[in-house]
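Student: This is what each chain is made of:
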Amino acid sequence: GNSVTQMEGPVTLSEEAFLTINCTYTATGYPSLFWYVQYPGEGLQLLLKATKADDKGSNKGFEATYRKETTSFHLEKGSVQVSDSAVYFCALMQTGANNLFFGTGTRLTVIP
Amino acid sequence: ETGVTQSPTHLIKTRGQQVTLRCSSQSGHNTVSWYQQALGQGPQFIFQYYREEENGRGNFPPRFSGLQFPNYSSELNVNALELDDSALYLCATGVAGMRADTQYFGPGTRLTVL
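Residue numbers (my numbering), protein chains in the order written: chain A, 2 to 113; chain B, 4 to 117.
The hints are simulated quantities; they were obtained by calculation from the structure and are not laboratory data. Just so it is clear, the structure is predicted and the values come from calculations on it, not from any experiment. We put the CB at the ideal spot given by N, CA and C, even for glycine. Do not rely on the hints blindly, as some may be mistaken.
[Said to hold, decoys possible] Here are some, though not all, of the chain A residues that point toward chain B, as calculated from beta-carbon distances under 8 Å: (1) 33; (2) 99; (3) 106.
Given only the sequences and the hints, what does the whole structure look like? Please build it.
Tutor: Structural data, given as structure tokens:
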């Protein structure tokens, strides 16, 4: 079956620190991989995606590379800001499916 | 910010009751998916509606049911509420034939079952 395992949080970082949130997955075939972000009181927003092995998704300074050999899709950002404080979800979607499988989420707090 | 809205924002029910949650669609969208997000967990797919019919379902019992209306708004109904139904319920609207990641999520309805 499909599953996504995320690094447990919460994660607290100082502003301008480097961020890594680990994500590994289990799936048959070649799923697409995503990172979503959930700000307080708002709906989930797609942050970035990668649809095939070795693809790198990037947005707003965040990036993640689809690593099929390690079944991973770790999220990184070189210098976090207070405004990045949110909950981050790793997710996958099987080809042809109409739904997403999410990890448990990682809460990030960035302090000034 | 998307045009997907959900109501109510918060809701408290007691075990055994029934609840109806509502979702209004982003303009131009014709599918709606519902997800359950328990505290500390990621969202889990309940089902999707398209053309007013269920179009895929996750691992949820029949007491979770839905409706989609001609204007593409939707309802999620849960009968015989259980304590474990306490969660944030998210709807996501999209366009049929487009990938699931192109859907827009609403802010959710937080349901508490006592």
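Student: None of the hints should be skipped; say for each whether it holds.
Tutor: We went through each hint and held it up to the structure:
{"no.": "1", "hint": "33", "verdict": "7 Å, holds"}
{"no.": "2", "hint": "99", "verdict": "5 Å, holds"}
{"no.": "3", "hint": "106", "verdict": "5 Å, holds"}
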